[in-house]
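*Asks:* Guided by the hints, dock chains B, C and D with the ligands onto chain A, whose structure is given.
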Amino acid sequence: MTLTEPSPATRAQRKLSTAKAMVEAISQEMERDQDVFVLGEDVGAYGGIFSSTTGLLDKFGPERIIDTPISETAFIGTAIGAAVEGMRPIVELMFVDFFGVCMDQIYNHMAKIHFESGGNVKVPMVLATAVGGGYSDGAQHSQCLWGTFAHLPGMKVVVPSNPADAKGLMTSAIRDDNPVVFLFHKGIMGLPWMAKNRRSIDHVPDGEHVVPIGEASVARPGSDVTIVTLSLSVHHALDVAEELSPQGIDCEVIDLRSLVPLDTEAILESVGRTGRLLVVDEDYLSFGLSGEVIARVVERDPTVLRGPAARVAVPDVPIPYARPLEYAVLPTPSRIRQAVLELVNA
Amino acid sequence: MTLTEPSPATRAQRKLSTAKAMVEAISQEMERDQDVFVLGEDVGAYGGIFSSTTGLLDKFGPERIIDTPISETAFIGTAIGAAVEGMRPIVELMFVDFFGVCMDQIYNHMAKIHFESGGNVKVPMVLATAVGGGYSDGAQHSQCLWGTFAHLPGMKVVVPSNPADAKGLMTSAIRDDNPVVFLFHKGIMGLPWMAKNRRSIDHVPDGEHVVPIGEASVARPGSDVTIVTLSLSVHHALDVAEELSPQGIDCEVIDLRSLVPLDTEAILESVGRTGRLLVVDEDYLSFGLSGEVIARVVERDPTVLRGPAARVAVPDVPIPYARPLEYAVLPTPSRIRQAVLELVNA
Amino acid sequence: MQPQDRLDLYRTMVLIRTYEEAILREYHADKKPVFDIGAGLVPGEMHLSAGQEPVAAGVCAHLTTDDAVTATHRPHHFAVAHGVDLEKMTAEIFGRVTGLGKGRGGHMHLFDPATHFSCSGIIAEGYPPALGQALAFRRRGSDRVAVAVTGEGAANQGAFHESLNLAALWKLPVVFIVEDNDWGISVPRSASTCVTSNAVRAAGYGIPGARVEDNSVEAVHEVAGEAITRARAGEGPSLIEVHTLRLWGHFEGDPQSYRSDLEGVPGKDPLPTFEQELRAAGVLDDPSVSAVAAQARDRVEAAIEFAKRSPEPEPATALDFVFASA
Amino acid sequence: MQPQDRLDLYRTMVLIRTYEEAILREYHADKKPVFDIGAGLVPGEMHLSAGQEPVAAGVCAHLTTDDAVTATHRPHHFAVAHGVDLEKMTAEIFGRVTGLGKGRGGHMHLFDPATHFSCSGIIAEGYPPALGQALAFRRRGSDRVAVAVTGEGAANQGAFHESLNLAALWKLPVVFIVEDNDWGISVPRSASTCVTSNAVRAAGYGIPGARVEDNSVEAVHEVAGEAITRARAGEGPSLIEVHTLRLWGHFEGDPQSYRSDLEGVPGKDPLPTFEQELRAAGVLDDPSVSAVAAQARDRVEAAIEFAKRSPEPEPATALDFVFASA
Ligand SMILES: Cc1ncc(C[n+]2csc(CCOP(=O)(O)OP(=O)(O)O)c2C)c(N)n1
Ligand SMILES: Cc1ncc(C[n+]2csc(CCOP(=O)(O)OP(=O)(O)O)c2C)c(N)n1
Ligand SMILES: [Mg+2]
Ligand SMILES: [Mg+2]
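Protein chains in written order, with the numbering used here: chain A, 1 to 346; chain B, 1 to 346; chain C, 1 to 326; chain D, 1 to 326.
Because the hints were derived from the structure by calculation, they are not lab data. Among these hints, one or two may not hold up.
Lysine-lysine pairs mimicking DSSO-like chemistry, simulated, CA-CA at most 27 Å apart [claimed, not checked]:
{"no.": "1", "chain 1": "B", "residue 1": "15", "chain 2": "D", "residue 2": "171"}
{"no.": "2", "chain 1": "A", "residue 1": "15", "chain 2": "C", "residue 2": "32"}
{"no.": "3", "chain 1": "C", "residue 1": "32", "chain 2": "A", "residue 2": "196"}
{"no.": "4", "chain 1": "C", "residue 1": "171", "chain 2": "B", "residue 2": "59"}
{"no.": "5", "chain 1": "A", "residue 1": "15", "chain 2": "A", "residue 2": "196"}
{"no.": "6", "chain 1": "D", "residue 1": "171", "chain 2": "A", "residue 2": "59"}
{"no.": "7", "chain 1": "C", "residue 1": "32", "chain 2": "C", "residue 2": "308"}
Going by beta-carbon spacing under 7 Å, a handful of chain C positions derived as facing chain A [claimed, not checked]:
{"no.": "8", "residue": "8"}
{"no.": "9", "residue": "43"}
{"no.": "10", "residue": "95"}
{"no.": "11", "residue": "156"}
{"no.": "12", "residue": "184"}
{"no.": "13", "residue": "187"}
{"no.": "14", "residue": "253"}
{"no.": "15", "residue": "258"}
{"no.": "16", "residue": "262"}
{"no.": "17", "residue": "266"}
{"no.": "18", "residue": "311"}
{"no.": "19", "residue": "312"}
{"no.": "20", "residue": "315"}
Chain B side only, calculated, beta carbon under 10 Å to chain D, not exhaustive [to be verified]:
{"no.": "21", "residue": "42"}
{"no.": "22", "residue": "134"}
{"no.": "23", "residue": "177"}
{"no.": "24", "residue": "210"}
The beta-carbon is built from N, C-alpha and C at its ideal position, and this holds for glycine as well.
If we strip away everything but chain A, and leave its shape as in the complex, we get (with noise of 0.2 Å):
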């Protein structure tokens, strides 16, 4: 949907949507690079469902910014041709949820190509996708699934929180001469017809932004608690931190921004210091991300941990329709919340 926004204010101190942050990046990348290009449904004259190409089509043509029929796998098999052949296109998957009709591209192309030649074939993409939910989009549009891409290897797995991340993730994703999954979830990418946190529009750098692929961000720091999160959790786990700041419970929360590669020594450091772990996280609670982060410190040492670590995610439950079951399994800030108090009075 396209609705107008306001638009940003002086150049200097304009704050930027996670959407239109995505793409001035792409946009930079295009001028920059004749072989970038974007292919994917409704990424022309409607830019983007999430608003992801909004204006591409414009600026840069029908012969790069392209519309294609639903035909997943014809597509992204398309983009990883593109690729081999030495272009760098970045494609959209609409929901991740669609990822069931064409995961043969991704995982066993895609992600498998540049090994099985010995390294002589690169596959330069960027996958870019929709994830989460909150909006009672019901089973098939509201699930996150990075834990799904980031098991299976030969993919990078980036998941922005905020727009200046988004825009300096996509630079380096487009930049990598490897797949990259770009992961952004609705409830950042600060659209008009979507109930947004207030960091959805925010500062952006001007000109050239690169984010390297790998590396966690400190959103807080904090000594009690550190909370291990990612994506429209962050925002959730930075409410609940201030929240909780004047009760002098002071949570540190890690942006992962980046699943692979997953930064481990960023997770290591802040559980050292704060002994308590929380990992918050929209996917499926069991077999994905939560498990990992916990089973990374522990494979390290088990003794930094004060007490026993603790998860919020979504409890092994296809995502309801109705409002009052969805947001019982979200991770919402009264659960983070909850979990958050449980762990520091243990």
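*Replies:* Same frame as chain A, but now just chains B, C and D with the ligands:
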């Protein structure tokens, strides 16, 4: 492939290969229930590439043992629709590695219809599929991927390691009112044309034999180290345990048998006694089973661990073709042994 | 066609339109002043079917509730035409415990075992399960059929091809419907599909293929009748494409700025056209038109009322129904 | 056809057959007495292409190594015909560091940037990347083409349909080849495909479709020539199905007990047939036949020797090449 095998001994003492045990379960259930039928590629005259359906065509005819085109989306969907109408299909995906061409039917339909319908529509079916490497079949035919299925809610996921469990779990899977993913490792099938461990042909109870889904088994009791594992790796773990026993290292081997539901209590009970945890997993290391098992312990009580938990899994690399490379990444006995020794010497 | 049959088609079309208008009203009722997709009594994406009534009405007139229908992300017209309980369906759309899915599914995931109706939000992936329903029907010796629906955009998805081949190969009693409303969200047919008629693709499966060009409910009725008769007789599947009309946006909130044809759209509305035809033929007059409208309104408003009256699910039940209990 | 061109086709076919026979020999050499798929110098599944030489030879005669070929799980004949380096290819099949993929890929995963050759073990999934190669070729203003190969079994996979539609829609310079060897492992064509010719499916994409019925390399050569010329001229894709022959098992170790036609198979071998034709036409005689055979043998045995001489990869390098370094 269907080379001839030695015929089983007397019925009382009979031993069966895992493949034959699976077939026996299917056959018995097909006799018991007219609604059970089998479909998939090469399940008829060929008898299943890994002998999972050998002899069934002769016994039940082409109306109930159905060869399909190479159209996994269409024929798995067919199984789903038939299950929705009250039949109990067993559908075979020849190699789990092919899930990418049909995952949407599996995880967005098979696994979610019951939930989305508020429990009004049941989907009683078995998705049987071959997993695992070790015979140089390369990056697209050697994966385990059970973590991928277990991460996505709505399907039970079972993984037998031996003939008796294969029969018992298949019986349970067919009778279950839920979709059950049944992953059989090629290396445990007891195939005459593939190197096999000695326990892949073993005693199997005659007649009805049910192994409940969701219960791990203690494949070997022990007091020093808990090795949590499944499928072919159970045998490697048992071999290592036997080998280390004379050195006074007493390993307990837990055969998970089922990932969903996961028998957390069995893991906790064992680790609570041994204080040492090693997870051995032929799936990829990160964001999968091995992290989940560790997290289940640590979110309950990290102090049960006397030292860091350890993992032996495929280190986030596509399965290489060349034997020396493949065996460098598989969870071989030597890697397991070394991990056990590091745990006890820590 | 007999006057009564024509009247029945009209009734169905009016019921569908009345339903969609009511959902439209309820959907937007509490999303102002700034549209927020997740807000209000009916949140989430909403794909309405106004303009496509002829397809559902024409096809479902040949079905009983023993036959199966698998629909798409735009499912209401087929659900209504196939006889899904309006109250339970509406309650589901409102996310209530009395809904078809007890609030778990929502508007793209309507499952009604009573009428063998289902739908899916994933493009073309509703086709494959229909094959299994057809297989089960045949195996049980009945002459029941399964109708599977997609849009013209979806006809370029792999599942479409696989399903047609399998159904043709096994001569399954399936009728495949393609609703060509010219658009797949913002992508015009010309930018998604390399042929102007999907009927030509039927030859690739050795099955009958037809395209109905004018969104005429009677033409749909006739062509679908032949296909369904054929399927019931064990002669296998058929493919029918109907050139229909997306009267509104792809989903609610769609600005449709990409849509060049927008101005001409209201004039192509199939409802007034059909109404005029029936008036001219003496099948309808002012009183009967009013009666049909009133009846439809009453049923629809009762369903809306039922939904609103029904309780929302308890958060404590959020983990129910992942698995069936033994 | 000119005698020289016929001779070239023959040479290619002989080279392919010689290659496959050598791999067959090496594959089984150290798997006795009990066949163990994972044992020996060449372990793993092995899908050989004997009998299907006419397809690869006839098609690739029109290509240069600037053109792309994406092949299947049964890739050797196309790799050889397209000019992939025999030594590197063989080393890959033997899992050596000197191989195309440094031993990482194996026989189903041969990637050769020098000839734009690739293949995939997943049915029909080699088609989509070919579209991207074609797109890149066109975007760079060249007249290079991409040839994409599948079997007749694979033509019922969704990727087939999606690829044909997309290529036709965008008029991409692709030629789609379907090798109909009657079997998909143990499933005969009649049990997988609802039509007797995939050429009829071309109409569903508005592109030319042809079926070559007799495994004749010259017929393939002719039809492929037209399609490739068309593609180079910017007129879009074509679909060509060749009725060919699986001379041996699906893979090595396949007992083929399901195969009713087995007895008649040797008589259909296209190599002696073509040889006889060329002898009758005066293009070949005893000395030239021997010379071609000797040349092929020398090249193939040199490649096998190269592979055997090459070192195996070090276990310590097992984690290399997952990612390209920045
Ligand atoms: C596999 C998949 N890809 C993309 C989408 C997103 N999507 C939802 S509806 C739609 C357009 C569908 O067009 P069409 O099939 O013509 O149906 P219509 O909406 O016109 O009824 C798309 C692309 C989806 N739901 N599933
Ligand atoms: C998606 C997928 N499904 C199944 C298989 C297993 N498989 C490998 S080859 C083959 C038969 C292929 O038949 P065809 O396309 O006719 O090629 P042929 O082997 O005859 O050359 C099958 C089913 C696979 N590799 N990929
Ligand atoms: Mg449409
Ligand atoms: Mg074949």
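*Asks:* Where does the structure disagree with the numbered hints, that is, which hint numbers, in rising order?
*Replies:* Numbers 1, 8, 16, 17, 18, 23, 24 - these are the hints that the structure violates, sorted from lowest upward.
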